[in-house]
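Student: So you can see what is in the structure, the chains are spelled out below.
2 protein chains.
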Amino acid sequence: MSKPLRHVFVCTQNRPPVHPRGSCASKGAVAVLQAFWAELQKRQAYEKVSITNSGCIGPCELGANVLVYPEGVLYRGVTLEDVNEIFDSHLEGGVPVERLLAPKAVW
Amino acid sequence: MSKPLRHVFVCTQNRPPVHPRGSCASKGAVAVLQAFWAELQKRQAYEKVSITNSGCIGPCELGANVLVYPEGVLYRGVTLEDVNEIFDSHLEGGVPVERLLAPKAVW
Chain A
1 MSKPLRHVFV CTQNRPPVHP RGSCASKGAV AVLQAFWAEL QKRQAYEKVS
51 ITNSGCIGPC ELGANVLVYP EGVLYRGVTL EDVNEIFDSH LEGGVPVERL
101 LAPKAVW
Chain B
1 MSKPLRHVFV CTQNRPPVHP RGSCASKGAV AVLQAFWAEL QKRQAYEKVS
51 ITNSGCIGPC ELGANVLVYP EGVLYRGVTL EDVNEIFDSH LEGGVPVERL
101 LAPKAVW
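Top line first, the protein sequences correspond to chains A and B. Each residue of the first sequence is one higher than the one before, starting from 1 at the first, in this note's numbering. Each residue of the second sequence is one higher than the one before, starting from 1 at the first, in this note's numbering.
Treat the hints as calculated values from the structure; they're not laboratory data. None of the values given here were measured: they were computed from a predicted structure. Hints are not guaranteed to be accurate.
Same chains, same names: a pair is fine if it fits in one copy or spans any two.
With a straight-line Cα cutoff of 25 Å, these simulated DMTMM-like cross-link-like pairs (lysine to aspartate or glutamate) come out [unchecked claim]: (1) 3 / 61; (2) 42 / 61; (3) 48 / 61; (4) 104 / 71; (5) 104 / 47.
So that you can see chain A by itself, here it is in the shape it has in the complex:
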């Protein structure tokens, strides 16, 4: 793939169910990743946007966490219902989705 305008990293870190930190995978992150990939294909936005799974980004208790560069915008608690809005507003529109931003205390 060529250098994208925006690059989305979806944390898919997994941990055992009893682990005290929890994990993004236990909060539906793999389905969120697949929804981003499906939306990318539907929009045929490969020249503008890349979607990549990643390891732990940090605030596990707030997952699923989704990080967008080059802005360095971290979304927390992302669900399947948020993917379309992130694409419309931020990835293609350039305007981050305020309601999903991680708090300044963690990012």
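Once you have looked at the hints, place chain B on chain A.
Tutor: Chain B alone, transformed into the frame defined by chain A:
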């Protein structure tokens, strides 16, 4: 972790040995990732730099691939011997390491 000045994504994608695309993992990427983490600890650079493992970034045949944001600089063929230089020159010095840059045809 807090928002870093620079965020390093080390592709650790793995594939079966006979897979035609190969993979970064088969080219030593996991050791490279661990070397970045060790260097981060040694330098106590946690406030400035984050290191995260990632899935496939694209040019598998050129791995191990290492992507640095916010600049969106992709390094290819990264080995253990390159980690210190990338830290000195780019992550802490702000000057990308020219000799390791992926060619424009792929990024």
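Student: Within, between, both or neither: how does the pair residue 104, residue 71 come out at a Cα-Cα threshold of 25 Å?
Tutor: Classified as both; 15 Å inside a copy, 22 Å across copies.
Student: Within a copy, between copies, both or neither: which one fits residue 3 and residue 61 at a CA-CA cutoff of 25 Å?
Tutor: between (31 Å within a copy, 17 Å between copies)
Student: How do residue 48 and residue 61 come out at 25 Å by Cα distance, when the copy is not named: within, between, both, or neither?
Tutor: The answer is between: 23 Å across copies meets 25 Å, while 30 Å in one copy does not.
Student: Is it within, between, both or neither when you check residue 104 against residue 47 at 25 Å Cα-Cα?
Tutor: between (31 Å within a copy, 14 Å between copies)
Student: Check residue 42 against residue 61 for me: Cα-Cα at most 25 Å, and say if that holds within a copy, between copies, both or neither.
Tutor: neither (31 Å within a copy, 27 Å between copies)
Going through the hint list in order, the structure does not satisfy hint 2, though it satisfies all others.
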